[in-house]
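So the chains spell out like this:
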Amino acid sequence: MTETAGPEKVATADEIGLSAREAAAPPHDAAQAAPYDATQAAPRDAASWARKVDRLEVGHRAGVRGTNVAGRRLTGPVQGFGKMWQKTYRMDAGPQITPEEAIATWREHFPEFWPKGNRFAGALTGINPGDVALLDLSIGGGVKLSTGVFVLYADAESFTLMTPQGHMFAGWITFSAEREGDMTTVQAQVLMRANDPLYEIAMTLGGHRKEDKFWAATLTALGRRLGLPDPRVETRSTCVDSKRQWRHSRNVWHNSMVRSVLQMISAPVTGFGRLVRGVKSRA
Amino acid sequence: MNAPAITMDVRRVGDTTAVVDIRGEVTAACEPVLMSAYEAAGGASTSRLVLNFGGLEYMNSGGIGMLVTLLVRANRQRQQLAAYGLSEHYREIFELTRLDEAITIYDSEESALHGVVR
Numbered sequence: 001m002t003e004t005a006g007p008e009k010v011a012t013a014d015e016i017g018l019s020a021r022e023a024a025a026p027p028h029d030a031a032q033a034a035p036y037d038a039t040q041a042a043p044r045d046a047a048s049w050a051r052k053v054d055r056l057e058v059g060h061r062a063g064v065r066g067t068n069v070a071g072r073r074l075t076g077p078v079q080g081f082g083k084m085w086q087k088t089y090r091m092d093a094g095p096q097i098t099p100e101e102a103i104a105t106w107r108e109h110f111p112e113f114w115p116k117g118n119r120f121a122g123a124l125t126g127i128n129p130g131d132v133a134l135l136d137l138s139i140g141g142g143v144k145l146s147t148g149v150f151v152l153y154a155d156a157e158s159f160t161l162m163t164p165q166g167h168m169f170a171g172w173i174t175f176s177a178e179r180e181g182d183m184t185t186v187q188a189q190v191l192m193r194a195n196d197p198l199y200e201i202a203m204t205l206g207g208h209r210k211e212d213k214f215w216a217a218t219l220t221a222l223g224r225r226l227g228l229p230d231p232r233v234e235t236r237s238t239c240v241d242s243k244r245q246w247r248h249s250r251n252v253w254h255n256s257m258v259r260s261v262l263q264m265i266s267a268p269v270t271g272f273g274r275l276v277r278g279v280k281s282r283a
Numbered sequence: 001m002n003a004p005a006i007t008m009d010v011r012r013v014g015d016t017t018a019v020v021d022i023r024g025e026v027t028a029a030c031e032p033v034l035m036s037a038y039e040a041a042g043g044a045s046t047s048r049l050v051l052n053f054g055g056l057e058y059m060n061s062g063g064i065g066m067l068v069t070l071l072v073r074a075n076r077q078r079q080q081l082a083a084y085g086l087s088e089h090y091r092e093i094f095e096l097t098r099l100d101e102a103i104t105i106y107d108s109e110e111s112a113l114h115g116v117v118r
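Protein sequences appear in the order of chains X and Y. Using the numbering used here, read the first sequence as starting at 1 and increasing by one per residue. Using the numbering used here, read the second sequence as starting at 1 and increasing by one per residue.
What the hints contain is simulated information worked out from the structure, not anything from laboratory work. Note that the Cβ used here is the ideal one computed from N, Cα and C, for glycine as well.
Simulated coverage check for chain Y against chain X, where a stretch passes if three residues somewhere in it have a Cβ under 8 Å from a Cβ of chain X: (1) 49-59; (2) 91-99.
A few chain X positions that, by computed beta-carbon distances, are all more than 10 Å from chain Y: (3) Arg65; (4) Lys87; (5) Phe110; (6) Leu124; (7) Asn128; (8) Gly142; (9) Val143; (10) Lys144; (11) His208; (12) Ala221; (13) Arg224; (14) Trp246; (15) Val261; (16) Met264; (17) Val276.
Using the sequences and the accompanying hints, generate a full structural model.
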């Protein structure tokens with residue numbers, strides 16, 4: 001794993017024909033800058049983005065607990081607590097598969113590629129913008145972390161999931177495929193911060209390694225589905241921002257790991273309470 | 001990766017502010033172009049960087065991720081990031097991804113330059 005100070009190496013302005021104009025240049029408005037009226041034309045990415053939501057709404061899904069998602073806000077890297085990481089998991093998919101085929105397979109069968117012991121309960125129609133999926137993630141000791149993800153963006157060559165409050169990380173993960181020469185490559189790229197101080201500690205104490213294994217296993221499973229005889233996944237991690245955002249330390253209130261443990265412990269008591277209330281109401 | 005279909009022209013406005021006029025498609029592929037524009041605009045004397053999205057034609061989730069990377073670099077230099085010229089569609093995407101909590105959105109260049117919230 002490499003920790004760097006960030007994306008410092010870039011092409012110069014001259015190399016790409018940019019120039020800083022004189023300080024005396026008069027300000028101009030948006031309409032002048034634009035060759036067309038961008039506010040009037042329907043952008044071609046419109047159908048790929050989810051509609052704006054303030055808080056997540058989700059119904060019951062079979063096979064998962066489904067807690068810690070309804071009513072939560074989405075969290076991007078701006079709202080997270082820990083260091084910001086960009087992690088890329090990349091695999092050559094060979095010359096036969098097109099990027100569109102790879103992404104269509106991934107979107108349609110997404111839960112099937114997850115490592116054993118983890119559940120992804122999404123919409124029956126696959127991955128579509130605006131969908132909310134419920135997750136039960138194995139965190140060891142027989143405990144399942146109950147959380148979810150929101151489908152932020154989806155098109156023919158990529159899709160992106162964004163996390164809610166309480167998830168291990170605040171950020172998004174983009175799954176994409178592209179053609180490089182006569183080869184197709186597929187990748188999952190995470191841009192994230194640990195959501196709160198507890199998760200930051202957990203990520204440092206093996207969480208990053210566990211996540212790397214998770215996504216490598218997912219890509220390997222996808223590769224096998226695409227017919228690759230020996231899928232190989234390359235992992236690259238870069239620390240984009242080594243600063244922690246202490247103003248977001250109170251995110252710990254929503255911590256789904258803590259809540260999942262408490263929900264598991266209290267389940268027999270709450271179940272008994274429901275039973276008693278049911279008997280009383282029938283009497 | 002395909003060549004990015006984008007141009008970013010940098011204008012300096014006064015001693016401490018620079019405007020980047022973005023025209024075309026904002027995707028992960030245009031990161032070198034954006035970072036070069038940032039280099040051209042973001043000298044030590046620049047305290048405010050204004051992104052003009054009036055010419056934005058297309059943006060995917062990779063483009064949003066790239067803006068987060070730009071934000072980190074600007075924060076490191078203690079520079080403020082502002083944006084204007086966003087259509088209603090792209091303004092909603094900024095709000096959905098909660099990027100608007102870190103990059104203040106304005107209605108016009110004038111208000112963006114002077115930090116007057118709409």
